[in-house]
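Each chain, letter by letter, is given below.
There are 2 protein chains.
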Amino acid sequence: MSTPDIQLIDQAVAQAAATADAWAESSATVRAKLLRGLADALEQHQQALITLADEETGLGAGRLTGEVARTAFQLRGFADEVEAGVPFSRIDDQAIAGPPPAGRPRLTRVSQPLGPVAMFSASNFPFAFSVLGGDTASALAAGCPVVVKAHSGHPRLSRAVHEVAQGVLAEHGLPSGLLGLVEGASRAAGIHLVAHPQIAAVAFTGSYQGGTALWKVANERARPVPFFGELGSINPLLALPGILERDAENLAKTLAASITMGCGQFCTSPGVIIVFDHAASERFIELLSKALQPLTTHKMLTPSMRRGFDDGVARLDHATAARPLFQPHADGDGPAPRLFEIEAQAFIDDAHLREEIFGPAAVVIKVRSVDQAVSVFDAIGGTLTATLWGFEQDTDDTRTLLRAARSIAGRVLFSGVPTGVAVTHAQQHGGPWPASTQPQSTSVGYAALQRFLRPLALQDAPAWALSE
Amino acid sequence: MSTPDIQLIDQAVAQAAATADAWAESSATVRAKLLRGLADALEQHQQALITLADEETGLGAGRLTGEVARTAFQLRGFADEVEAGVPFSRIDDQAIAGPPPAGRPRLTRVSQPLGPVAMFSASNFPFAFSVLGGDTASALAAGCPVVVKAHSGHPRLSRAVHEVAQGVLAEHGLPSGLLGLVEGASRAAGIHLVAHPQIAAVAFTGSYQGGTALWKVANERARPVPFFGELGSINPLLALPGILERDAENLAKTLAASITMGCGQFCTSPGVIIVFDHAASERFIELLSKALQPLTTHKMLTPSMRRGFDDGVARLDHATAARPLFQPHADGDGPAPRLFEIEAQAFIDDAHLREEIFGPAAVVIKVRSVDQAVSVFDAIGGTLTATLWGFEQDTDDTRTLLRAARSIAGRVLFSGVPTGVAVTHAQQHGGPWPASTQPQSTSVGYAALQRFLRPLALQDAPAWALSE
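Listed in order, the protein sequences are those of chains A and B.
For what it's worth, our numbering labels the leading residue of the first sequence as 1, then goes sequentially.
For what it's worth, our numbering labels the leading residue of the second sequence as 1, then goes sequentially.
These aren't lab readings, by the way, just hints derived from the structure by calculation.
Heads up, a few of these hints could be off.
Said to hold, decoys possible - With a cut-off of at most 25 Å between alpha-carbon atoms, the simulated SDA-like pairs for lysine to any residue come out as follows:
no. : chain 1 : residue 1 : chain 2 : residue 2
1   : B       : 216       : B       : 308
2   : B       : 253       : A       : 98
3   : A       : 216       : B       : 222
4   : A       : 366       : A       : 287
5   : A       : 216       : B       : 216
6   : B       : 33        : B       : 89
7   : B       : 216       : A       : 191
8   : A       : 33        : A       : 169
9   : A       : 216       : B       : 166
10  : B       : 290       : B       : 332
11  : A       : 33        : B       : 100
12  : B       : 253       : B       : 279
13  : A       : 216       : B       : 438
14  : A       : 253       : B       : 98
15  : B       : 299       : B       : 310
16  : B       : 33        : A       : 102
17  : A       : 253       : B       : 96
18  : B       : 216       : A       : 208
19  : B       : 253       : A       : 103
20  : B       : 366       : B       : 282
21  : B       : 299       : B       : 279
22  : A       : 216       : B       : 210
23  : B       : 216       : A       : 188
24  : A       : 216       : B       : 351
25  : A       : 253       : A       : 63
Said to hold, decoys possible - To be clear about the criterion: a stretch of chain A counts as covered by chain B if any three or more of its residues have a C-beta under 8 Å from a C-beta of chain B, and this derived list gives those stretches:
no. : region
26  : 69-83
27  : 218-227
28  : 278-290
29  : 403-413
30  : 432-444
31  : 458-464
For clarity, every value in this text was computed on a predicted model and none was experimentally measured.
Ideal placement from N, C-alpha and C gives every residue a C-beta, glycine not left out.
From just these sequences and the hints, can you work out the full model?
So, in structure tokens, the structure goes:
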């Protein structure tokens, strides 16, 4: 990493740190106005921004228009959270006279913003998980300044959105350091940012390799800080024979669309299809193969992601326990979709066969029993989502399978497909490792702002110390 | 570590894991009855248990009787939490028709118990942070089985309390594996327990060295798990000249008692006294020295803790930037109390001078300005508590100092001393590193049970999957 890069990172962090105290003490009104101002500005500039985003990512105007709408929606949603007082919530325990354990002083539990947040943009959501995405919105709502590490997949868009944001900050009379932007595709730049003593928390969405490397840096600091990383997920989907007997054709089409959506570049892309040894399953796999085989995809986000996809597919092409379920058509702009069957016990035994393949590919696992299905879930261990089709009835088997799915997932779906994550209060986007480095937190939904607050007890506080 | 030790650990974890599913699905009634049963049994057997505890720890019957009361109180408190539905709480977002971002499926946010918890007992609370202490109570309340690692400072007591607990489990028809006990003073035993693939979370209270070593083991697992460690705290106390002018004598006595309470073996023992360069401060330091010097202490909990204290004191005795404020009397059963003054800038610059000395010692820092006091807080960086005396008035200075205290502490006190931690809803016992490895959690107070739950979103769940 060059010295100028280091200096720019140090400068952005110093400027963010300089705004931290005032922003932590800013009112709900000021924060909500900023968040709404950012949403409005994003929409005002959307035409130019979407053009730029499409040039850099190839995701297409339709998808990108929807993503801007979602990004603005969640900025406004966090404004609502702030106005509802979430970051300012309190628990008050009045004093009780007398000796402990029943006797006690007065205690007031409040939330303390952590301080400057380093936020690593994702490649696959150039708006919703980038400069003004959910991490930034939730950190600002929580009272923390943000230093965004731009993703090298969309540098011009990052700069343009940052410029729009700077205009809004200036308009609101807020310091520019509240939202910094640093660039540099090198690992060293990311490491320098995470290791910076004035960074108080890290939010990361990206690859397992990149994420664990930065997570280790956060843990090796003289003073380790919370690292909220979302590192990958293979999102199993289990379909019972009953629903496949009733609705195989529709489900196959829906699933094929989900596997190829955005060229499979979603953290919730369904990567493992689990079915039981049954005629309905055989027919479903045929229909799925038929639906998936002809689909075409757009160009992948970056050359390295494409290499990663090709490597993952080659691994399965050469694995004795895996067999392709159809011959892929020739690649177009993006890779042809792929579907493999992997022998269940091999999948359970061999971690390499369970590695996420980021892109339009999935594997089918045929299980012989509920017990074996449970073993498949257990082997997966950690995932953002698990989808259970055909679970209308309460039986010993559905209970057992739900228990296994719950124990590994952050979200369990009983219909539909896991791609598409609603921004709501109940949403949970995170799960046991490696889905999240902090499975008790979420990066999507309004609970995301809790990542950047920590509880603080004030004991016998005078009135002035409790006023806002 | 011997093979039998490994086998016993593996056996305890396997037995805990075998109970995990059923306990995660147990009703509020069953959990609350168990917790109350444990509290009752502890009280029924308290005479014999306190005798045993005093033999092993020397903490004295008075203190130990109070500790049993607190332990029973918090077991019942967690029973109340369970009955109030805290681990079963839900957020329901109804479906909204239409396209995203406003349109959405039905989402229900529930809490998922993490699974078997490895709990490392503390030496200094043989009841309240040991076999049936707050970690065990909160984990059981959350729906998680517990494997207790007994502290080598009170092995017979640990066994006796565990036997009492086993009696209660049997009485309630619950499996003995719900609360396992493993022994072995070796580091290898602790490492084996934390690294065990069936352990889903770790709760630890103890030394910085031991805690960081185990925290690293948790992070180096194939699947890292949450590690809730409380690793040490130097608990600064800052007194403004005004209050020292008014009430120096009382405050000096109160503080001397807090420094020597339990031979200083509390995680919240006040270790750093910050005063301003002022005549009232000089007088207060004299009064504090006079109050502290003659006090005697009981024997420390273990020979290694005594060595740690002696080493820490020797470090300051030889430091050029530190000077003893009085000559200590001859040691009795426990060490003589010690008080040092450390030059403020040296304290800020040299991390060794800020190391916790676990035992009846404190250091005084005289600061020349509010800015320098802030630098002292910033240098401390992470602490369970910060105490602010004389902060009745809202001024620029009190605001600045409160801001600095809030940024490093989990609890800020405006009166009294930090020793003694009430078990309430608002309590927060944790703070930035090294006070806690997870500053967003607490090990004391009812929020402690949230450590052992993670959020889970159920999407479009059928009624049976939402029934309890």
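Hint check:
| no. | hint | result |
| --- | --- | --- |
| 1 | B:216 - B:308 | holds (22 Å) |
| 2 | B:253 - A:98 | holds (21 Å) |
| 3 | A:216 - B:222 | holds (14 Å) |
| 4 | A:366 - A:287 | holds (15 Å) |
| 5 | A:216 - B:216 | holds (10 Å) |
| 6 | B:33 - B:89 | holds (19 Å) |
| 7 | B:216 - A:191 | holds (19 Å) |
| 8 | A:33 - A:169 | holds (10 Å) |
| 9 | A:216 - B:166 | violated (40 Å) |
| 10 | B:290 - B:332 | holds (18 Å) |
| 11 | A:33 - B:100 | holds (24 Å) |
| 12 | B:253 - B:279 | holds (19 Å) |
| 13 | A:216 - B:438 | holds (15 Å) |
| 14 | A:253 - B:98 | holds (21 Å) |
| 15 | B:299 - B:310 | holds (13 Å) |
| 16 | B:33 - A:102 | holds (21 Å) |
| 17 | A:253 - B:96 | holds (24 Å) |
| 18 | B:216 - A:208 | holds (19 Å) |
| 19 | B:253 - A:103 | holds (22 Å) |
| 20 | B:366 - B:282 | holds (9 Å) |
| 21 | B:299 - B:279 | violated (36 Å) |
| 22 | A:216 - B:210 | holds (19 Å) |
| 23 | B:216 - A:188 | holds (23 Å) |
| 24 | A:216 - B:351 | holds (23 Å) |
| 25 | A:253 - A:63 | holds (19 Å) |
| 26 | 69-83 | holds (count 4) |
| 27 | 218-227 | holds (count 5) |
| 28 | 278-290 | violated (count 0) |
| 29 | 403-413 | holds (count 8) |
| 30 | 432-444 | holds (count 8) |
| 31 | 458-464 | holds (count 6) |
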